[in-house]
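Could you build the full structure based on these sequences and the hints that come with them?
First to last, the protein sequences are chains A and B.
Every position in the first sequence, counted from 1, becomes a number in my numbering once 73 is added.
Every position in the second sequence, counted from 1, becomes a number in my numbering once 73 is added.
If you are wondering where the hints come from, they were derived from the structure by calculation, not from laboratory data.
Be aware that a few hints might be false.
Note that the list lumps identical chains together, so a pair holds whenever it fits in one copy or between two copies.
What the hints assert, rightly or not - Below, in silico cross-link-like pairs of lysine to any residue (SDA-like), each with a Cα-Cα straight-line distance of 25 Å or less:
#1 K129 x P212
#2 K84 x Q162
#3 K129 x G192
#4 K129 x Q162
#5 K129 x Q214
Residues per chain, in single letters:
There are 2 protein chains.
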Amino acid sequence: MSQRVAVPLPKAYLLLNHGPTVLVSSAHGGRRNVMAAAWNMALDFDPPKVAVVIDKATLTRELVEAAGEFVLNVPSREQAALTLAVGTQSGREIDKFSKVMRSGIPGDGAGATAASMVGAPLIEGCLAWLECRVIPEPPIQQSYDLFLGEVVAAWADPAVFSNGRWHFPDQQRRSIHYQAGGSFFATGDAFEV
Amino acid sequence: MSQRVAVPLPKAYLLLNHGPTVLVSSAHGGRRNVMAAAWNMALDFDPPKVAVVIDKATLTRELVEAAGEFVLNVPSREQAALTLAVGTQSGREIDKFSKVMRSGIPGDGAGATAASMVGAPLIEGCLAWLECRVIPEPPIQQSYDLFLGEVVAAWADPAVFSNGRWHFPDQQRRSIHYQAGGSFFATGDAFEV
Numbered sequence: 074m075s076q077r078v079a080v081p082l083p084k085a086y087l088l089l090n091h092g093p094t095v096l097v098s099s100a101h102g103g104r105r106n107v108m109a110a111a112w113n114m115a116l117d118f119d120p121p122k123v124a125v126v127i128d129k130a131t132l133t134r135e136l137v138e139a140a141g142e143f144v145l146n147v148p149s150r151e152q153a154a155l156t157l158a159v160g161t162q163s164g165r166e167i168d169k170f171s172k173v174m175r176s177g178i179p180g181d182g183a184g185a186t187a188a189s190m191v192g193a194p195l196i197e198g199c200l201a202w203l204e205c206r207v208i209p210e211p212p213i214q215q216s217y218d219l220f221l222g223e224v225v226a227a228w229a230d231p232a233v234f235s236n237g238r239w240h241f242p243d244q245q246r247r248s249i250h251y252q253a254g255g256s257f258f259a260t261g262d263a264f265e266v
Numbered sequence: 074m075s076q077r078v079a080v081p082l083p084k085a086y087l088l089l090n091h092g093p094t095v096l097v098s099s100a101h102g103g104r105r106n107v108m109a110a111a112w113n114m115a116l117d118f119d120p121p122k123v124a125v126v127i128d129k130a131t132l133t134r135e136l137v138e139a140a141g142e143f144v145l146n147v148p149s150r151e152q153a154a155l156t157l158a159v160g161t162q163s164g165r166e167i168d169k170f171s172k173v174m175r176s177g178i179p180g181d182g183a184g185a186t187a188a189s190m191v192g193a194p195l196i197e198g199c200l201a202w203l204e205c206r207v208i209p210e211p212p213i214q215q216s217y218d219l220f221l222g223e224v225v226a227a228w229a230d231p232a233v234f235s236n237g238r239w240h241f242p243d244q245q246r247r248s249i250h251y252q253a254g255g256s257f258f259a260t261g262d263a264f265e266v
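This is how it looks when you write it as structure tokens:
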């Protein structure tokens, strides 16, 4: 199981700056869910803000609107099959935590842990976590499925993120970038210019 | 110089789905500019929409607000130094097209070409291009520096994007993901799950 160390809030944007696909976790009224989101980005430095697209058809949408909170979890390559599975199945039809995340998919992370500032859970086995409170903007939520959030706590596995920089010594334990179908890219070589 | 083939609009989101850093080009009233933006994402499939953060201090902001148009250009690893340069210098102080893009930076792409549907130029040497019209949402532009755009034309170099998929046979001719300082990641291995 991965470690989790607090990331100072002014550095939280760095967790998303390179454009990884994330898992959006949510909880409300005794229900919880997780979905995949390639359409996410940082929106501000300090206080840190994020933007993410959450389709109206999803259970995640219902839970995020009700709770006003979500977590962006940055999955590793080991969790790509899990990411695809939670991105293609609906929480309205199955309990993803019992049916998908514990299904034996390699690297599934096997569960969820309580967050520090929000009710949505942290997905285990991920590389980083951003706990967010929705910044209410009902017109853009309704028109574009676009949700803005303020990051109220951030965490990372120090084996892959420390001192404000990602470092991926391992081919499997690195972030991923969804393309389409079952196709992803791993985050590749780091280089300086 | 790279080739440029039209990408069907319903596939345009695939150009951004994996989270590359882009160059935002703009033009208005005889002036033009280009800046880097790690904070971008796809926002819808068809008609395709995008979201991008454009800071109030930038000349790009002034030109995009005046023209109501911009282009998101997906630069290659060969253009990382150019990306950093146009991301750290202001178009208010220098003409980036004459001072940066023709400065001899390796892979600088050497210039710009007319777009098909918008006045903002296409940056030469890039991997893909999304011509966009601003979807006016003044409150979120003002509050969050957040701009939404409808993609009205899209293009890609068929050597790296065809049939709705990216493929990067070459280590240099692949997309990039900005981290911080002068540090980037290249898009890495493709894999299927």
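Each hint tested on the structure:
In this assembly of identical chains, the alpha carbons of K129 and P212 lie at most 25 Å apart whether taken from the same copy (13 Å) or from different copies (22 Å). For the homomeric pair K84 and Q162, the shortest alpha-carbon distance between copies (22 Å) is at most 25 Å, but the shortest distance inside one copy (33 Å) is not. For the homomeric pair K129 and G192, the shortest alpha-carbon distance inside one copy (21 Å) is at most 25 Å, but the shortest distance between copies (34 Å) is not. For the identical chains of this complex, K129 and Q162 are intra-copy neighbours only, at 15 Å inside a copy versus 40 Å across copies, given an alpha-carbon limit of 25 Å.
Taking identical chains as interchangeable, the C-alpha atoms of K129 and Q214 lie at most 25 Å apart whether they share a chain (9 Å) or sit on different chains (23 Å).
The structure agrees with every numbered hint stated previously.
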